[in-house]
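J.: Sequence:
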Amino acid sequence: MTQVGEGQEADESAPPVMTFGAPTAGEVLAERYELVEHINNDSAGRLVWRGVDVILRRPVAVVLRYPGGDSATEMLQAAVAASRVIHPNLVGVYDAIDEADRAYVVREWVDGQSLRDLATDGPLDPARATAIGNAVASALAAVHATGMVHGNVHPGTVMISDEGRVVLADARTDGADSQENDIRAVGGVLYFALTGSWPHAEAPLRGATAGHGRAAIPDAVRDAGGAIAAPRQVRAGVPAYLDDLTMDLLDAEIAPPSSDVLAAELARLDVPAEDEHYLDNSGPLRFAAETGEEPSPLAAAGGRKVAFGIASLLAVALVGLLIGIIALGGDDEDPQPTPAAAPTSSAPAGDATPAAATARKLTVKNVRIIDPDSSNRSEVRNAERVIDGDEDKGWETETYENKPNFGNLKKGMGVWIDLGEPHTVKSVQAVLSATGASAQLLAGTTNPPSSTSGDKQLVASYKTAIGQPFEDHDGTTMTFNGFDADQKYRYLLFWITELPPSENGFKLGVQEITVQGS
Numbered sequence: 001m002t003q004v005g006e007g008q009e010a011d012e013s014a015p016p017v018m019t020f021g022a023p024t025a026g027e028v029l030a031e032r033y034e035l036v037e038h039i040n041n042d043s044a045g046r047l048v049w050r051g052v053d054v055i056l057r058r059p060v061a062v063v064l065r066y067p068g069g070d071s072a073t074e075m076l077q078a079a080v081a082a083s084r085v086i087h088p089n090l091v092g093v094y095d096a097i098d099e100a101d102r103a104y105v106v107r108e109w110v111d112g113q114s115l116r117d118l119a120t121d122g123p124l125d126p127a128r129a130t131a132i133g134n135a136v137a138s139a140l141a142a143v144h145a146t147g148m149v150h151g152n153v154h155p156g157t158v159m160i161s162d163e164g165r166v167v168l169a170d171a172r173t174d175g176a177d178s179q180e181n182d183i184r185a186v187g188g189v190l191y192f193a194l195t196g197s198w199p200h201a202e203a204p205l206r207g208a209t210a211g212h213g214r215a216a217i218p219d220a221v222r223d224a225g226g227a228i229a230a231p232r233q234v235r236a237g238v239p240a241y242l243d244d245l246t247m248d249l250l251d252a253e254i255a256p257p258s259s260d261v262l263a264a265e266l267a268r269l270d271v272p273a274e275d276e277h278y279l280d281n282s283g284p285l286r287f288a289a290e291t292g293e294e295p296s297p298l299a300a301a302g303g304r305k306v307a308f309g310i311a312s313l314l315a316v317a318l319v320g321l322l323i324g325i326i327a328l329g330g331d332d333e334d335p336q337p338t339p340a341a342a343p344t345s346s347a348p349a350g351d352a353t354p355a356a357a358t359a360r361k362l363t364v365k366n367v368r369i370i371d372p373d374s375s376n377r378s379e380v381r382n383a384e385r386v387i388d389g390d391e392d393k394g395w396e397t398e399t400y401e402n403k404p405n406f407g408n409l410k411k412g413m414g415v416w417i418d419l420g421e422p423h424t425v426k427s428v429q430a431v432l433s434a435t436g437a438s439a440q441l442l443a444g445t446t447n448p449p450s451s452t453s454g455d456k457q458l459v460a461s462y463k464t465a466i467g468q469p470f471e472d473h474d475g476t477t478m479t480f481n482g483f484d485a486d487q488k489y490r491y492l493l494f495w496i497t498e499l500p501p502s503e504n505g506f507k508l509g510v511q512e513i514t515v516q517g518s
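Residue numbers (UniProt numbering): 1 to 518.
Since the hints were made in silico from the structure, they are not lab data.
Be aware that one or more of the hints could be misleading.
[Claimed, not checked] Dumping the calculated SDA-like pairs for lysine to any residue here, alpha-carbon to alpha-carbon at most 20 Å: (1) K507 / S438; (2) K361 / I466; (3) K426 / E512; (4) K507 / R377; (5) K403 / S502; (6) K488 / D418; (7) K426 / D486; (8) K456 / T446; (9) K488 / T446; (10) K411 / E396; (11) K393 / E108; (12) K411 / S453.
[Unchecked claim] Ranges of calculated distance between the beta carbons of each label pair, as one might list FRET restraints: (13) S427 / E74: 46 to 56 Å; (14) L409 / G436: 10 to 20 Å; (15) E99 / T435: 43 to 53 Å; (16) E99 / D223: 47 to 57 Å.
C-beta: ideal position from N, C-alpha, C; glycine also.
Build out the structure end to end from the sequences listed, making use of the hints.
T.: Now the structure itself:
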């Protein structure tokens with residue numbers, strides 16, 4: 001078991017860990033967090049424990065540092081900053097406490113292993129590497145949207161849970177990094193996932209050769225001049241478009257895109273294996289035109305070398321992204337040209353009828369719980385469970401007494417869904433824990449921060465009800481359809497106004513939400 005973000009076990013170069021007065025199993029910190037099991041000492045000399053929040057009865061990770069005070073300032077500041085950003089691909093930070101003789105951070109416990117450990121069995125297949133890169137870039141986009149920097153992206157802080165969720169953890173706030181370095185680190189993560197080695201010398205990420213688990217990562221293959229080999233030179237089967245993108249991100253002479261644009265591009269490339277032939281023909285979105293410069297032999301071996309470019313070209317790229325998404329999403333025309341020398345039908349070309357666009361399950365890029373009438377954010381956790389494909393696990397409200405309208409305490413709560421790009425929606429299906437709930441489906445165009453005030457802004461602006469009325473549902477499955485075929489949506493809000501009765505009051509669980517469209 002490896003706890004997210006803690007890097008490798010402490011080695012001889014790690015700071016000494018204080019053993020006198022060290023915590024013991026069964027000790028309760030802050031009258032709330034019971035220590036259960038000592039997991040390891042990370043490479044920064046901190047003690048990592050598995051614990052239990054005795055109030056909320058949930059597992060937590062407790063990271064302790066000796067002493068507290070000034071020596072723990074950076075760790076505590078990073079935890080406070082990280083707690084302000086809620087995203088399915090970011091580890092949840094619950095508490096940060098300084099007791100002078102020691103300080104500790106309490107955060108989400110993730111059962112799984114780091115990308116560094118996962119790749120010990122060999123490089124990952126391109127589809128899985130792309131999915132992991134997409135998750136990391138999406139997490140960074142959420143962090144960067146607040147103006148903050150993560151500052152510690154590497155295979156030891158990228159965690160893959162046993163359920164397949166990808167989580168980024170262990171942010172730092174000592175001012176030594178930038179958002180650009182974060183983005184270039186995504187290139188390093190992709191390179192590592194594809195090759196099992198870390199390109200830190202060519203792309204000098206902070207602390208690449210020491211601390212936080214990076215020292216155990218093997219160096220990339222290099223030529224006589226010290227240039228790293230492209231992933232396609234290291235192993236077979238890496239698509240040219242993924243090779244190009246990875247090498248572009250690692251090239252210090254090419255300005256990287258913003259994290260949200262990178263996340264959108266990786267989301268476009270994150271397609272099922274059976275659909276990868278689309279990418280083989282269209283290639284990836286590039287962030288600028290060709291530079292006109294002669295590519296290096298290493299870059300040429302992996303495909304064309306293309307610069308990411310400047311802001312004006314980035315705007316053109318965003319238009320291209322929309323076109324690319326539509327092509328992948330089931331446009332009426334076949335995106336694969338049929339060679340004239342190899343016809344697939346004896347019928348004249350003029351008689352061919354384009355296939356009608358068919359609905360498919362759309363990928364949800366982000367999901368969160370909307371709770372505008374409560375300053376206690378305890379109910380907004382576990383939003384990712386409504387899109388994990390497991391109807392046995394979901395997000396649920398607390399139990400409210402007296403009345404089904406949240407005990408007359410709230411106007412409602414909702415599940416906000418981001419489809420990543422505008423899509424034509426055919427149906428939205430919500431699987432609930434019980435019958436008797438009242439809800440509606442709303443659409444909007446804004447994405448305010450995940451906070452009480454941000455949720456108020458969102459609910460105030462999402463006024464357009466879409467799909468058929470909620471009454472037309474069967475049992476615990478609530479289905480909305482009848483959407484306008486000419487309208488496209490990116491942001492949806494499943495807004496709950498009344499809860500069904502439960503054993504001690506009124507309560508609802510949202511087990512799974514799926515969106516069909518094109």
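J.: Each hint needs a verdict: does it hold in this structure or not?
T.: Tested hints:
1. K507 / S438: holds (12 Å)
2. K361 / I466: holds (18 Å)
3. K426 / E512: Holds. K426 to E512 sits at ~17 Å (cutoff 20 Å).
4. K507 / R377: holds (17 Å)
5. K403 / S502: This hinted pair holds, its Cα atoms lying about 11 Å apart.
6. K488 / D418: holds (13 Å)
7. K426 / D486: Roughly 11 Å separates the two Cα atoms, so the pair holds.
8. K456 / T446: Holds - the C-alpha atoms of T446 and K456 are around 12 Å apart, at most 20 Å.
9. K488 / T446: Holds, because 14 Å separates the two Cα atoms, which is no more than 20 Å.
10. K411 / E396: holds (17 Å)
11. K393 / E108: It holds: about 17 Å lies between the C-alpha atoms, which stays within 20 Å.
12. K411 / S453: Holds, at roughly 15 Å.
13. S427 / E74: 46 to 56 Å: At 48 Å between Cβs, range holds.
14. L409 / G436: 10 to 20 Å: holds (19 Å)
15. E99 / T435: 43 to 53 Å: holds (49 Å)
16. E99 / D223: 47 to 57 Å: holds (52 Å)
In summary, the structure agrees with every hint in the numbered list given earlier.
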